[in-house]
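> Work the whole structure out from these sequences, hints included.
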Amino acid sequence: MPSLYRLHRAALCAAVFGIAAISTASAEEIIIGAATAQTGGLAPYDQPALAGLRMSLDELNAKGGLGGKYTVKLLIKDTRSDTAQTATVAQELIDAGAKIMITPCDADPSISAGQLTQPLGIPTLTLCGSAPVLTGAVGDVMFGTYPADNVQATAVADFAVSEGKKKVFLLTSPDSTYTANLPEYFGKVFEKKGGAIVGRGTFSMGQPDFSAEITNIKGLADKPDLIMTAAYEPDFPAFIQQLRGAGVTIPVYGADAIGTPTIKALGKLVDGVVYTAAGYAEPGSKLEAFNAAFTKYAGHAPESTYEVNGYEIGLILDQAVKTAGSDDPKAIRDAIAGLKDFEGITGKITYAGTDRMPLRPVALMRYEGGEGKHVQTLIPDAADVPAP
Amino acid sequence: MIAQQIINAVSLGGVYALLALGLAIVFSIVGLINFAHGELMTLSGYALLASLVLGFPFPVAVLVAVSCGALAAVAMERIAFRPMRGASVTSLLLTSFAVSSLLKVVFQNGISARPQAVAMPGWMTGAFSFGDFTIGVGPSISIVVSALALIALEVFLRRSVTGTAMRAAAEDFDVVRLMGIPASRIIATAFLLSGLLAGLAAILWVAQRASVDPLMGFTPVLKAFIAAVVGGLGSLPGAVAGGFLLGIIEVLLQATLPGAIAPYRDAIVLSGVIAVLLVRPQGLIPAVRAQRS
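Chains as they are written, first to last, in this note's numbering: chain A, 18 to 405; chain B, 999 to 1291.
Hints listed in this document are in silico derivations from the structure and should not be mistaken for laboratory results. By construction, the Cβ of each residue, glycine as well, lies at the ideal position given by its N, Cα and C atoms. There may be inaccurate statements among the hints.
Anything over 10 Å on all C-beta distances counts as not near chain A; from chain B, calculated [as the list claims (entries may be wrong)]:
| # | residue |
| --- | --- |
| 1 | Met999 |
| 2 | Ala1048 |
| 3 | Gly1053 |
| 4 | Ser1065 |
| 5 | Leu1069 |
| 6 | Val1087 |
| 7 | Asn1107 |
| 8 | Ala1147 |
| 9 | Leu1155 |
| 10 | Met1177 |
| 11 | Gln1206 |
| 12 | Pro1218 |
Cβ-Cβ distance ranges computed for the label pairs, FRET-style [to be verified]:
| # | chain 1 | residue 1 | chain 2 | residue 2 | range |
| --- | --- | --- | --- | --- | --- |
| 13 | B | Val1277 | A | Glu109 | 46 to 52 Å |
| 14 | A | Lys209 | B | Gly1108 | 32 to 38 Å |
| 15 | B | Ala1273 | A | Asp192 | 30 to 36 Å |
| 16 | A | Glu109 | B | Gly1108 | 23 to 29 Å |
| 17 | B | Ala1265 | A | Asp345 | 54 to 60 Å |
| 18 | A | Gln132 | B | Arg1080 | 45 to 51 Å |
| 19 | B | Leu1091 | A | Ala348 | 38 to 44 Å |
| 20 | A | Pro136 | B | Leu1255 | 39 to 45 Å |
| 21 | A | His317 | B | Val1103 | 21 to 27 Å |
| 22 | B | Leu1091 | A | Lys339 | 53 to 59 Å |
| 23 | A | Asp112 | B | Ser1089 | 35 to 41 Å |
Listed below in structure tokens is the structure:
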């Protein structure tokens, strides 16, 4: 099992890093704390992103570290996908001397960690948490890295409108910021551009049975020509399985969280499903080169664009330390907040002038015959993006 | 539309009934609420996935998956619960939590934390029209399988010696042992049956959700526990009644609650459970003998 092998190597890495901590602690070292999920529901998102980050830090360390000066020591602790546990391990990482904090791919645990780092001024970056309320809920140390939910939703809505879609059904779950808000952002843009919301439904995350909701959709007097949801695993497979099982053929669109091998492996079931990604590896692109390098590094191809997003976090930190010229957390924070048109792997990344959710391109993808096909890449017009 | 929702409700209720019955059989004999019951489902789910990936025909894969659940249940009893026999209810409960957590971590680290897609055969995800409404093949199979399993279990408990001994053991285990019936055999059979039910429920569950993941057992065991308590802990007919009641309430609320209140669905369901227990503290159909603790 490759995952067992990875685990083994991770343990080895941890041991090596641990020994390094005792023997070579020096002034030219910077500790990055990663409070991320190795187990539980967020693990399938955190782990790929962390693998990308680890790769970039390894490469940077080989060139002298962040800003060419500060060798990175990455301390990783498991949050078990639990919000309270995230705060506990974040505190442990702060106590261990972390000057930069990396948090899970979700708003709630990221906010709980951010509440500890904010008073200390430690710059905190979520791996792929994309709720735009995330940074405001914490304060000026908190940064998103992935395209924000409202930006993604605008991109999908723009595309749906361009396809001539007129009536949408929104399926949300109040259980997370992502599942609750993203479809609503879509709805706002869609309505503004002439579409109509003909119905709304809700689900509980982890709910096995969507039959009642699907019967409601079938019974709508005003038939939708699109269903928009931010449901992901395991809810999205269950929903679409039961939807198609009930003979409903209305297209379903989602966002980044369904760009995963699990959803792809559903094959014919997800034909026509549109989702988003942080980038698309066109031939000759930087992303294609990254994918090849990552495959060499990790022994398997990237599962999604979470890997490259994690890798770009390393590049952003490197640039920020370079600009700051020191390892002072506050100076690093200011440097990240001032980044403008920074050349990442997927395109230009800008923090300057934003609410610390980056402006960056969104790739629209569509599943066809068990493969994710690229539709288009765009940066939505800032005026269209609804407020968080 | 109403007929459609009734079918949805019966289909979900049937799966809950299978699950609750699995918990109740073990509880009625050993006095243990086996919270690792959900992990039996997870195991069956992975067995189904592995069999399909290996290219077994679907019926064979189902057989493998259900037998895996049954054997795992027997193994679980042998390894984890037999050494605890006679221990207090609390110790047994904690043991089952420990087994559950252990298995989850084994699944996560040994297989993958990521859900794995399970490709059910195309005909299972289809639908057929019946009058002016369409019925999914999946829900229909759920209903038929649940009904057959419940009937088969009833026949087994009524007609076979072991079954009779199990019913007797649920009422007074000591007397059954005095009659010369080995306790270990009764207990192992109870676990075997509960594993079979978990395996069957897992197939129906996976057919609905199209993926298996290490944590998938949590929700079903919770629902089964609620259903078993509402029905009357330790009572087999009660577990079935509780399962159907829970399924019907959930679907009805989902179908009828207005959008603003819909997020409180689970809270409303659980309030309903409390209301039932206030009126009937021993459950809908109380066990013949109160629990031994």
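> Determine which of the earlier numbered hints do not hold for this structure and return their numbers in increasing order.
When the structure is compared with the hints, numbers 1, 7, 11, 12, 14, 15, 17, 19 turn out to be violated.
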